[in-house]
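Spelled out, the chains give:
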Amino acid sequence: MRELTYNEAALEAIAEEMRRDPKIFYMSTDALPPLLKEFGAERVRATPITEAALTGMSIGAAGPGFRPIVDWRQVTFCFVAMDQIVNQAAKIHYMFGGQVSFPILYRASVGGGGQVAAQHSQSPYSMFMNVAGLKMFLPSTPYDMKGLLKTAIRDNNPVISFESSRLMGRKGEVPEGDYTIPFGKADIKREGSDVTVVALAWLVHEALAAAEELAKEGISVEIVDPRTLVPLDADAIRRSVQKTGRLVIADEAGPTAGFSAEIAAIATEDAATFACLKGPVKRICALQVPIPYSPILERAVFPDRNRIIAGIREVLSGAKAAAA
Amino acid sequence: MRELTYNEAALEAIAEEMRRDPKIFYMSTDALPPLLKEFGAERVRATPITEAALTGMSIGAAGPGFRPIVDWRQVTFCFVAMDQIVNQAAKIHYMFGGQVSFPILYRASVGGGGQVAAQHSQSPYSMFMNVAGLKMFLPSTPYDMKGLLKTAIRDNNPVISFESSRLMGRKGEVPEGDYTIPFGKADIKREGSDVTVVALAWLVHEALAAAEELAKEGISVEIVDPRTLVPLDADAIRRSVQKTGRLVIADEAGPTAGFSAEIAAIATEDAATFACLKGPVKRICALQVPIPYSPILERAVFPDRNRIIAGIREVLSGAKAAAA
Amino acid sequence: SLSTQTLATNLPPDQQRAMLRRMLTIRRFEERASDDYVAGKIYGVVHCYIGEEAVATGVCSALGPGDRIISTHRGHGHCIAKGADLNRMMAELYGRQTGYCKGKGGSMHIADFGIGMLGANGIVAGGIAIVTGAGLAAQMEGKGGVAVSFFGDGASNAGPFHECLNIAATWKLPMLYVCENNMWAANTAAAQTHALGDVAMRAAGYGIPGVVVDGNDVVAVHQAASHAVDRARSGGGPTLIECKTYRWRAHTERRGQPDPRNQSEIDAWVRKDPIALLEHQLRQQGELDDAALKAMESDILGILEAAVAFAEASPFPTPEQASDDVFAA
Amino acid sequence: SLSTQTLATNLPPDQQRAMLRRMLTIRRFEERASDDYVAGKIYGVVHCYIGEEAVATGVCSALGPGDRIISTHRGHGHCIAKGADLNRMMAELYGRQTGYCKGKGGSMHIADFGIGMLGANGIVAGGIAIVTGAGLAAQMEGKGGVAVSFFGDGASNAGPFHECLNIAATWKLPMLYVCENNMWAANTAAAQTHALGDVAMRAAGYGIPGVVVDGNDVVAVHQAASHAVDRARSGGGPTLIECKTYRWRAHTERRGQPDPRNQSEIDAWVRKDPIALLEHQLRQQGELDDAALKAMESDILGILEAAVAFAEASPFPTPEQASDDVFAA
Ligand SMILES: Cc1ncc(C[n+]2csc(CCOP(=O)(O)OP(=O)(O)O)c2C)c(N)n1
Ligand SMILES: Cc1ncc(C[n+]2csc(CCOP(=O)(O)OP(=O)(O)O)c2C)c(N)n1
Ligand SMILES: [Mg+2]
Ligand SMILES: [Mg+2]
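Residue numbers (our numbering), protein chains in the order written: chain Y, 1 to 324; chain B, 1 to 324; chain L, 1 to 329; chain G, 1 to 329.
In case anyone wonders, no lab produced these hints; they're calculated from the structure.
Note that the coordinates shown come from a computational prediction; the quantities given were computed from them, not determined experimentally.
Where a beta carbon is used, it is the ideal one built from N, C-alpha and C, also for glycine.
Check the hints yourself; a few may be wrong.
Stated by the list, open to error - With a straight-line cut-off of 30 Å between C-alpha atoms, the simulated DSSO-like cross-links for lysine-lysine are:
| # | chain 1 | residue 1 | chain 2 | residue 2 |
| --- | --- | --- | --- | --- |
| 1 | B | Lys23 | G | Lys143 |
| 2 | Y | Lys23 | L | Lys172 |
| 3 | B | Lys171 | B | Lys189 |
| 4 | B | Lys278 | B | Lys243 |
Said to hold, decoys possible - Label-pair restraints from in silico Cβ distances:
| # | chain 1 | residue 1 | chain 2 | residue 2 | range |
| --- | --- | --- | --- | --- | --- |
| 5 | G | Glu31 | Y | Tyr179 | 48 to 58 Å |
| 6 | G | Arg28 | L | His227 | 51 to 61 Å |
| 7 | G | Val270 | Y | Lys171 | 36 to 46 Å |
| 8 | Y | Lys171 | L | His227 | 52 to 62 Å |
| 9 | Y | Glu176 | G | Arg255 | 42 to 52 Å |
| 10 | G | Gln192 | Y | Glu191 | 50 to 60 Å |
| 11 | B | Met168 | G | Arg255 | 42 to 52 Å |
| 12 | Y | Gly65 | G | Asp35 | 27 to 37 Å |
| 13 | B | Arg19 | G | Asp14 | 43 to 53 Å |
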């Protein structure tokens with residue numbers, strides 16, 4: 001099948017949807033050349049550097065029936081818009097008793113690895129998960145990107161598309177034409193029986209590499225990619241842990257009150273899953289520090305395949321220890 | 001001993017510190033009359049409604065040696081300042097290699113129960129826990145409030161004082177004069193042996209009521225109040241769970257990627273604690289929805305002593321089930 | 001004033017009486033809401049617009065049903081002026097299922113998208129960007145619609161005001177930015193927080209008209225708004241209108257709160273009562289007499305009684321409904 | 001221009017030569033940084049100030065060591081103009097322990113609080129409020145210090161600019177707000193995002209002076225800044241200074257990025273080279289000859305070689321140091 005990069009898959013999904021629905025328009029502090037070329041400056045708007053205003057404007061345009069896309073670009077730029085996200089976009093449908101819907105897509109790249117330091121290397125999706133009223137996803141492949149973006153654009157709620165900056169140039173098979181991937185459905189990226197690794201985005205690929213490595217030693221790793229963060233496919237995660245009895249969570253973000261903590265909680269608060277757990281859960285995350293610039297420091301902060309391998313060994317030995 | 005309200009204890013701590021250190025000044029969109037009266041308009045500033053500017057200004061005043069206090073008032077008003085909080089205050093010390101310190105206190109009331117609806121009933125401290133570089137606390141008593149605020153004001157970092165709006169008028173014993181409470185030290189608000197309840201703020205009091213109730217049935221509840229969210233006293237929580245073998249977490253915030261998830265994770269990722277766990281952990285939180293206005297809806301959203309009691313019964317029976 | 005007198009005579013008496021009725025309805029609605037709040041039948045927090053009725057009434061009387069507005073935390077006046085249903089408003093304050101927000105919003109969040117009222121908003125300046133998006137929508141719809149942002153003097157110092165004024169001016173959005181300068185933001189005087197007395201001066205920085213109007217003179221407000229609406233509909237872009245007015249009551253209806261404003265300032269503004277002014281003008285034109293006024297008053301009170309009755313007869317939401325409406329289907 | 005010629009002659013030749021040296025140092029530093037970035041010795045992202053050297057140089061030459069400035073993502077020029085150490089700057093770009101930020105910050109986060117340089121900042125408009133706090137600090141310290149906010153035309157449309165201008169004007173803070181209007185924000189033309197061509201027009205809304213200056217004429221910038229500094233020190237409050245200038249290079253040094261600006265626009269500005277202009281003026285005054293210029297050039301290159309040598313000789317941080325400096329003791 002034809003291959004596209006993660007970034008190309010996103011653009012294709014957006015272009016196909018914009019062709020389908022004239023109510024969709026796009027705002028961002030620089031206009032994306034391919035979209036601008038095809039759809040013109042009315043539907044693809046280069047704006048002042050005012051993410052707060054754009055985020056609010058998307059709400060006011062969505063209420064009357066448009067379907068705005070606001071590209072925050074790097075997630076760090078959306079913090080100036082946090083009031084509009086948390087106090088307005090997330091609450092307006094509920095607060096107004098559901099009288100109209102607000103179909104909005106927000107795009108934000110996340111992650112580090114480019115030596116762009118603390119302000120430009122962030123993975124704060126957990127902060128948004130904590131806010132009721134927002135849907136969000138974080139794809140790990142070009143295929144998932146296209147299918148999830150189309151679902152997001154057709155959803156009648158504010159949805160945040162978190163996109164891994166490490167994966168932008170990564171290629172993968174992407175069908176031509178229309179397909180969607182439902183929200184709230186995890187994808188088993190690799191089947192296994194000894195340990196479950198719940199991973200996001202770039203770490204799905206690191207986990208796959210770790211699994212290959214460990215397979216040589218006869219360790220069978222199952223890799224669950226939730227894909228959507230809200231709604232989260234808790235059942236799929238619990239089923240996998242019930243099967244393997246062991247849980248490792250791999251996330252490029254810091255651990256504290258993060259996605260990784262939520263996964264640990266949904267596994268250990270469920271009686272059936274807890275009963276199957278053979279040992280402690282393990283979080284493989286970034287250090288809980290701002291992201292430094294110098295490559296040596298940056299590498300020291302982020303999790304990778306080696307730390308995943310070490311984490312898997314730890315939960316397996318821990319389990320043995322318990323068994324012994 | 002003399003009693004003060006939670007709110008009076010906060011004002012006393014601030015006034016005592018402002019008397020002690022002339023570098024401290026206070027900014028807020030309305031000047032607090034008692035502070036204004038004692039310290040004057042230069043040190044107690046009524047400002048335009050620009051929490052973003054105030055938050056940034058506190059950083060620029062702290063670098064050169066002042067010790068600003070910025071009172072965001074209700075936490076919901078700080079979302080307009082999120083860029084200054086997340087991208088500047090939290091990162092500036094690290095990003096600049098620690099060349100100067102930024103002693104700043106931010107104050108924010110949290111919680112619901114006043115039928116002020118979604119925008120004015122929020123408990124988003126977990127969002128801030130997820131950000132590396134910020135210290136924060138949430139006291140449950142007037143005594144803790146005064147001691148923790150003094151520690152915060154003397155700390156050389158940005159610290160957020162989350163203050164429960166439900167507790168503002170609640171009285172408790174507060175010593176006259178100077179004392180401090182160290183960060184990162186949980187307080188056992190009640191000793192017990194059957195189950196650990198980790199609770200925050202108002203829910204500490206609901207948990208105490210629940211414990212009284214259950215004591216009549218011979219159920220012994222230990223209540224751990226972390227008090228500081230960052231740094232978090234993981235050891236105290238783990239010690240308690242190792243003793244009781246059961247964990248319930250009670251939080252006025254929603255569960256998703258929240259404080260409650262973090263507590264579940266630190267308990268279940270620790271081998272020694274996991275080994276002692278007799279059953280699944282239980283989160284007693286608000287429903288993951290924006291907070292509604294009508295009293296019946298609002299009551300349905302928030303956790304209380306009854307839901308804590310039910311949760312405790314569940315983990316105890318669950319444990320029995322497992323034992324059986 | 002004579003000038004307004006002449007202005008007034010340019011408006012058909014029926015329209016003037018309709019404005020008087022609107023303003024009286026706002027005032028009586030809030031007097032009732034305040035009483036019922038103190039009586040514990042209305043919850044949370046209530047901000048009254050009393051004394052400022054001419055602003056919402058004058059502006060909204062210059063709008064059509066297809067035009068859209070956004071409000072603030074002090075929203076009852078804007079809702080009523082745009083034509084909101086009093087039953088559903090009162091039911092919302094009473095926290096009932098039949099309220100505009102099914103009891104989920106309360107006073108600070110009443111909205112009726114059906115009439116182009118995009119909502120009250122509890123965040124100062126929080127609505128300005130939202131309604132600017134409605135202005136963009138109107139421009140893209142191409143049906144000549146306009147959008148109006150109501151906001152306070154306090155909000156005028158916040159970033160979104162600046163960001164949106166620049167965007168609206170640059171894109172020539174069909175917008176009115178209506179600053180309700182009541183000289184106070186909660187307990188802080190505008191004089192303490194504004195470099196200049198006139199918020200309208202800010203317009204110059206964006207090359208758009210900035211107009212100062214007597215916000216207690218509904219006819220003057222109407223005229224200023226009408227000109228701005230014409231300009232917006234014809235592609236001329238946004239106008240900033242500053243209405244000088246005053247809040248008669250404390251910042252909120254919660255009793256026993258401090259109010260630092262001195263009585264003489266309050267009294268002076270009460271003497272400039274916008275309702276009394278229009279009433280006087282109508283009488284001078286021979287278009288209103290005691291009987292007609294009495295009839296209007298009792299009619300309004302009857303409608304409000306009915307609204308309260310509707311609210312009290314309406315069911316509270318069920319606990320289960322707390323989980324509804326988080327997401328749209 | 002003749003007017004500047006006369007201005008120039010008001011400045012002692014030594015000071016003019018010092019400015020020339022500063023501007024040359026900025027340019028050569030960035031040319032080297034760009035090369036080393038392409039060579040992979042400098043990481044992440046680098047934004048060059050080349051073509052705009054007169055702004056930072058003219059403003060900072062009007063400041064004293066106790067005055068404080070804040071920068072943007074395009075920060076090398078401001079650092080050097082305020083007197084930063086080139087060794088520690090280069091070492092930071094090289095990601096070494098001896099860098100200003102111990103390798104934690106890189107190009108977008110160089111700061112030296114010791115010389116009153118409060119940091120480059122990766123968030124557009126992110127520094128404006130911070131340095132306004134430094135202006136408040138200066139006012140409270142009462143030692144006559146001033147604070148300067150450098151920011152771009154793009155940043156001038158963001159909320160913090162407005163919020164801080166109003167606060168500084170209201171509190172009469174000793175501030176200079178220096179807009180570096182290089183006509184572009186990344187790949188978007190200022191003409192597309194600004195209602196008016198002159199950002200300085202915004203000052204009127206706050207009752208403060210708004211000045212437009214030829215940002216490529218270091219002497220004109222210096223004079224405008226000096227007046228504003230005098231005003232600020234004497235309690236007159238803030239001034240907004242808009243410097244019209246241009247970025248010669250692409251938005252960042254990453255090669256192969258799109259640059260929508262047309263070549264003729266770029267060429268026209270390169271002909272207005274701020275360094276060539278001052279050099280010309282000094283020659284006309286008989287205060288600079290080829291030999292002196294050559295000496296200055298080679299001296300600067302020698303210093304930069306030494307800075308690179310210092311950086312390359314410095315150790316990288318250790319992995320363990322990633323956990324240091326999250327919190328102050
Ligand atoms: C961002 C934010 N900060 C603070 C508040 C608290 N607050 C509510 S109303 C108000 C005063 C608003 O003043 P103004 O904009 O003049 O409107 P008015 O109340 O005078 O109608 C304040 C400070 C808020 N709602 N939002
Ligand atoms: C809040 C925010 N949004 C977007 C960006 C991405 N960005 C970095 S520089 C830049 C352009 C800034 O233009 P201007 O302020 O004119 O400064 P210049 O680069 O021209 O010196 C943008 C959009 C950012 N850093 N911060
Ligand atoms: Mg006001
Ligand atoms: Mg620019």
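Okay, the hints, checked on the actual structure:
1. A distance of roughly 15 Å separates the Cα atoms of B/Lys23 and G/Lys143; the hinted pair therefore holds under the 30 Å criterion.
2. In summary, the hint linking Y/Lys23 to L/Lys172 is supported, as the alpha carbons are separated by about 20 Å, within the 30 Å threshold.
3. A C-alpha spacing of about 16 Å is found between B/Lys171 and B/Lys189, which places the hinted pair at or below 30 Å, so the restraint holds.
4. Proposed proximity of B/Lys278 and B/Lys243 is supported: the alpha carbons are some 11 Å apart, at most 30 Å.
5. Range check, G/Glu31 to Y/Tyr179: about 50 Å between beta-carbon atoms, so the 48 to 58 Å window is met.
6. For the hinted restraint 51 to 61 Å between G/Arg28 and L/His227, the CB-CB distance of approximately 58 Å keeps it satisfied.
7. Checked against the given bound of 36 to 46 Å, the beta carbons of G/Val270 and Y/Lys171, roughly 40 Å apart, stay inside it.
8. Separation of Y/Lys171 from L/His227 is about 58 Å and conforms to the stated range, judged on CB atoms against 52 to 62 Å.
9. For Y/Glu176 paired with G/Arg255, a C-beta distance near 32 Å fails the hint of 42 to 52 Å.
10. Range check, G/Gln192 to Y/Glu191: about 52 Å between beta-carbon atoms, so the 50 to 60 Å window is met.
11. A hinted range of 42 to 52 Å is violated for the C-beta pair B/Met168 and G/Arg255, which are about 58 Å apart.
12. Checked against the hint of 27 to 37 Å, the C-beta distance between Y/Gly65 and G/Asp35 comes to roughly 53 Å, which is inconsistent with it.
13. Checked against the given bound of 43 to 53 Å, the beta carbons of B/Arg19 and G/Asp14, roughly 50 Å apart, stay inside it.
Against the hints set out earlier in the document, violations occur for numbers 9, 11, 12.
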